[in-house]
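With these hints in hand, go ahead and build the complete structure from the sequences.
Protein chains in written order, with our numbering: chain A, 1 to 273; chain B, 274 to 338; chain C, 339 to 714.
Among these hints, one or two may not hold up.
[Unchecked claim] Subject to a maximum C-alpha distance of 25 Å in a straight line, what follows is the list of computed SDA-like cross-link-like pairs (lysine to any residue): (1) B/335 with A/39; (2) A/213 with A/145; (3) B/318 with A/179; (4) C/661 with C/681; (5) A/8 with C/467; (6) B/307 with B/317; (7) B/278 with A/13; (8) A/213 with B/280; (9) B/307 with A/214; (10) A/8 with C/714; (11) A/212 with B/306; (12) A/4 with B/317; (13) A/160 with A/240; (14) C/639 with C/702; (15) A/224 with B/295; (16) B/298 with A/179; (17) A/8 with B/280; (18) C/362 with A/87; (19) A/210 with A/151; (20) A/8 with C/466; (21) A/4 with B/293; (22) B/278 with B/304; (23) A/255 with C/387; (24) A/160 with A/190; (25) A/255 with C/572; (26) C/685 with C/655; (27) B/307 with A/215; (28) A/190 with C/561; (29) C/664 with C/714; (30) B/298 with A/2; (31) A/4 with B/295; (32) A/4 with B/300; (33) C/709 with C/637; (34) C/466 with C/654; (35) B/335 with A/7; (36) A/8 with C/539; (37) C/664 with C/605; (38) A/8 with B/281.
None of these hints come from the bench; they were simulated from the model.
Residues per chain, in single letters:
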Amino acid sequence: MPSKLIEKTMRVNRLPHIWCPGCGHGILMRDVAQAIENCGLDPDKVVIVSGIGCSSRAAGYMNYNTLHTTHGRAIAFATGVKLANPELTVIVITGDGDATAIGGNHLIHACRRNIDLTVVVFNNNIYGMTGGQYSPTTPHGEKGTTAPYGNIDYNFDIPKLAESAGATYTARGTAFHVPQMIKLIENGIKHHGFSLIEGLSVCPTYYGRKNKKGSAVDMYNWQKENCIDAAKAQKMSAEELEGKILTGEMSRCEKPEYTDMYMEIIRKCGGDK
Amino acid sequence: MENKKLVINPAWCKGCGICAAFCPKEVLAIVHEKVQLINEADCIKCGLCELRCPDYAIYIEKEGE
Amino acid sequence: MATRFHLLQGNEACVEGAIAAGMKFYAGYPITPSTEIAERSAVRLPQVGGKFIQMEDEIAGIAAALGASVAGLKAMTATSGPGFSLKQENIGYASIAEIPIVIVDVQRAGPSTGLPTSPSQGDYMQSKWGTHGDHPVIVISPSSVQECYNLTVRCFNMAERFRVPVIFLMDEIVGHLREGCELIPPEELEINNRIEGNITGMTYAVSEGNYVPEFAAFGEGERYNVTGLFHDDTGFPTNDNTITRNQERRLMDKIRMRRDRIMQWEEKDCEDADVIIVCYGGTARSVMGAMEEASKMDFLKIGMFRPITVWPFPEKALEKLSKKCKHILVAEHNNGQMLLEVQRVVKDNCPVSFIGKIDGTTLTPDDILTKITEVY
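Right under this line is the structure:
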């Protein structure tokens, strides 16, 4: 028997999931489910859209309307779902490669439109499903199977990327800091406009092993020690913040939302009659 | 606290050890690749293990629910 | 009251046909020579309560249209050669996930950027084999502005009824051709909708003798899973070979078992023709010109066999004709693509010749008549 939350929000007969021991994705998926619950949404009106990769297998486990699409295209599919029926709450679960490499164009343009989607990026800094190749968020200098001598690419800061592209809510949380992550997703869902929440995951199998990060527990300890809440960071010195990753709400503003503006066009054209 | 119970589902446990490592009271351990409650008396049913279990294999059940 | 008769471009007539069929969603990306389809959709859709969105690229265009279809709206996207190549992956997704969609390809000369404003039929094989894996597909090709209207309705009917991607294979000739077009109101047309039902967890199950599962739009309370992975009747991924084999067979049978109902073609003066010209789309206009010329000369009897449903190919009808005529000439604006289908069907029943053009100009009636005198 699973917990009440899992029983209500997951397709229990599909569990246990395929993710490796210690993978942060299971924690982040539970966070998304808890956030949906906290928002008090009718599960029949919630749509989860995902792409391809480890992260995107989440859709199959979650007990909502779920659309597991093609690699990189989740946000484009989600845009169609949301514009077709703005009454639906549309949440995209995607990965660092899915969202910012093959799907990078869809990400920035959805940000630009300020369409009311909530995008949760499960960022494990690597392509896990294909066996550990470097991704746009693999830190500079780190290794992947396709960066055997160290990654010479510079990595994306996903919330910053989204903010500069026009997202009206951006945030970063971690798999370790669960209550904060749940709250960030919850706020993203409640925000009327495009929200992006990066969830720093943990990939002990590929990223961890390739880069000698120790066990899964060691990697969560790393998150515990190196991820600092942005509010707390304001009281810290530059030296103290050296090499740290800031978490929490990164940006927020209000701007007319895309489907609202389109409904206004329909009204002007008399198409609502 | 009396109306709460720690439940373990060994079938779903993958033995990653996160729950045991971050348990504030150190009441959990991985035995033969599965989590076990080794010191029930000290468990404060805080539920941190539930929040951080990637596999939903451990959780706090409230009685009457 | 608006008049029923309008002077329209093929591209514009396509949009009017789509609206008559119940299109409520369009997503696409500008590309010559199909852009007028996006432009008119942008004007017309909000007037009928529908939605138009210009996406960031071709892939997003089909993806958003598929998302809207899952949410219950009749959806379309339009493109041309290079964009059609980009959309291929998601055409396969529509096939396996069984999402109704109409994809218009107004062909232009290629490969690559090629000749953006010039006629071509270079996508004939791509329209069938462009996406990876074996998959069902229906491809319909119009030869006039009126057909752009009527056949777009048919594309939607097929897409919705069979839950397949239907490709409307136009070309620059019909796309930019202007002629009179009767905008037949929806109440005078046959309009098919997807068969909605309570799927209760058996998302892809079909009853005995049926091939198309019932559909429920997202948000209506069914909460099912859609995936591009092979899946069982419940919609969840499986590697079970028996299940995947059965699913693949059903996907193909949806079209195979109903192909007699799906296939359409035109036979013109074929009864006692010596030479039958096989052609489709805009090329048929040149062929009809050639036939008119030939009719002035009483020694040459020419017929035309024009597949309207170009996939599945109307093979039985052509096979029958090939046993009666003396020669078959295939005319296409490419290097010989439908030619391969014709050769496969005709075998040794009669000689098969080919005339094609790939330089961006159109085949003229003279080109065709000259070819006939050469080969026959």
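Here is how each hint holds up against the structure:
1. With a C-alpha separation of about 22 Å, the suggested pairing of residue 335 of chain B with residue 39 of chain A holds against the 25 Å cut-off.
2. This hinted pair checks out: residue 213 of chain A and residue 145 of chain A have alpha carbons roughly 15 Å apart, not beyond 25 Å.
3. A C-alpha spacing of about 16 Å is found between residue 318 of chain B and residue 179 of chain A, which places the hinted pair at or below 25 Å, so the restraint holds.
4. For the proposed pair residue 661 of chain C and residue 681 of chain C, the alpha carbon gap of about 13 Å is at most 25 Å, so the pair holds.
5. Distance restraint check for residue 8 of chain A and residue 467 of chain C: the Cα-Cα separation of roughly 43 Å exceeds the 25 Å cut-off, and the hinted pair is therefore not satisfied.
6. Under the criterion of a C-alpha separation no larger than 25 Å, the hint pairing residue 307 of chain B with residue 317 of chain B is consistent with the structure, at around 21 Å.
7. Between residue 278 of chain B and residue 13 of chain A, the direct Cα distance comes to roughly 24 Å. Compliance with the 25 Å bound is thereby established for this hinted pair.
8. Annotation: proposed proximity of residue 213 of chain A to residue 280 of chain B is violated, straight-line Cα distance about 31 Å (limit 25 Å).
9. Restraint check: the Cα-Cα separation between residue 307 of chain B and residue 214 of chain A comes to about 20 Å, which is no more than 25 Å; the hinted pair holds.
10. Only pairs whose Cα atoms come within 25 Å are accepted, and residue 8 of chain A paired with residue 714 of chain C is rejected, the gap being roughly 75 Å.
11. As the CA atoms of residue 212 of chain A and residue 306 of chain B are separated by approximately 22 Å, the hinted pair is consistent with the 25 Å bound.
12. A hinted pair counts as satisfied when its Cα atoms are at most 25 Å apart, and residue 4 of chain A with residue 317 of chain B qualifies at roughly 20 Å.
13. Taking the CA atoms of residue 160 of chain A and residue 240 of chain A, the gap is about 22 Å. The hint holds against a cut of 25 Å.
14. This hinted pair checks out: residue 639 of chain C and residue 702 of chain C have alpha carbons roughly 18 Å apart, not beyond 25 Å.
15. As the CA atoms of residue 224 of chain A and residue 295 of chain B are separated by approximately 10 Å, the hinted pair is consistent with the 25 Å bound.
16. For the hint linking residue 298 of chain B to residue 179 of chain A, the alpha-carbon distance of about 19 Å falls within 25 Å, and the restraint holds.
17. For the hint pairing residue 8 of chain A with residue 280 of chain B, the CA-to-CA distance comes to about 17 Å; that is within 25 Å, so the pair holds.
18. A C-alpha spacing of about 16 Å is found between residue 362 of chain C and residue 87 of chain A, which places the hinted pair at or below 25 Å, so the restraint holds.
19. Restraint check for residue 210 of chain A and residue 151 of chain A: the C-alpha separation of about 12 Å stays at or below 25 Å, so the hint holds.
20. Distance hint between residue 8 of chain A and residue 466 of chain C is unfulfilled; the C-alpha atoms sit about 43 Å from each other, more than 25 Å.
21. Between the alpha carbons of residue 4 of chain A and residue 293 of chain B the distance comes to roughly 22 Å, so the proposed pair stays at or under 25 Å and holds.
22. Only pairs whose Cα atoms come within 25 Å are accepted, and residue 278 of chain B paired with residue 304 of chain B is accepted, the gap being roughly 20 Å.
23. A C-alpha spacing of about 24 Å is found between residue 255 of chain A and residue 387 of chain C, which places the hinted pair at or below 25 Å, so the restraint holds.
24. Using a Cα cut-off of 25 Å, the hinted pair residue 160 of chain A and residue 190 of chain A holds, with the two alpha carbons roughly 20 Å apart.
25. As the CA atoms of residue 255 of chain A and residue 572 of chain C are separated by approximately 41 Å, the hinted pair breaks the 25 Å bound.
26. For the hint linking residue 685 of chain C to residue 655 of chain C, the alpha-carbon distance of about 14 Å falls within 25 Å, and the restraint holds.
27. Distance hint between residue 307 of chain B and residue 215 of chain A is fulfilled; the C-alpha atoms sit about 16 Å from each other, no more than 25 Å.
28. For the suggested pair residue 190 of chain A and residue 561 of chain C, the alpha carbons sit about 22 Å apart, so the restraint of at most 25 Å is met.
29. Taken as a hint, the residue 664 of chain C and residue 714 of chain C pair is honoured in the structure, with Cα atoms around 9 Å apart against an allowance of 25 Å.
30. Note on residue 298 of chain B and residue 2 of chain A: the hinted pairing holds, with a Cα-Cα distance of about 23 Å set against a maximum of 25 Å.
31. Proposed proximity of residue 4 of chain A and residue 295 of chain B is supported: the alpha carbons are some 23 Å apart, at most 25 Å.
32. Proposed proximity of residue 4 of chain A and residue 300 of chain B is supported: the alpha carbons are some 23 Å apart, at most 25 Å.
33. Restraint check for residue 709 of chain C and residue 637 of chain C: the C-alpha separation of about 16 Å stays at or below 25 Å, so the hint holds.
34. Pair hint residue 466 of chain C plus residue 654 of chain C holds up; C-alpha atoms about 19 Å apart against a cutoff of 25 Å.
35. For the proposed pair residue 335 of chain B and residue 7 of chain A, the alpha carbon gap of about 15 Å is at most 25 Å, so the pair holds.
36. Between residue 8 of chain A and residue 539 of chain C the alpha-carbon distance is near 16 Å, which keeps this suggested pair within the 25 Å criterion.
37. About 16 Å separates the Cα atoms of residue 664 of chain C and residue 605 of chain C, which keeps this hinted pair within 25 Å; it holds.
38. Restraint check: the Cα-Cα separation between residue 8 of chain A and residue 281 of chain B comes to about 18 Å, which is no more than 25 Å; the hinted pair holds.
Hint check: violations occur at hints 5, 8, 10, 20 and 25; the rest are consistent with the structure.
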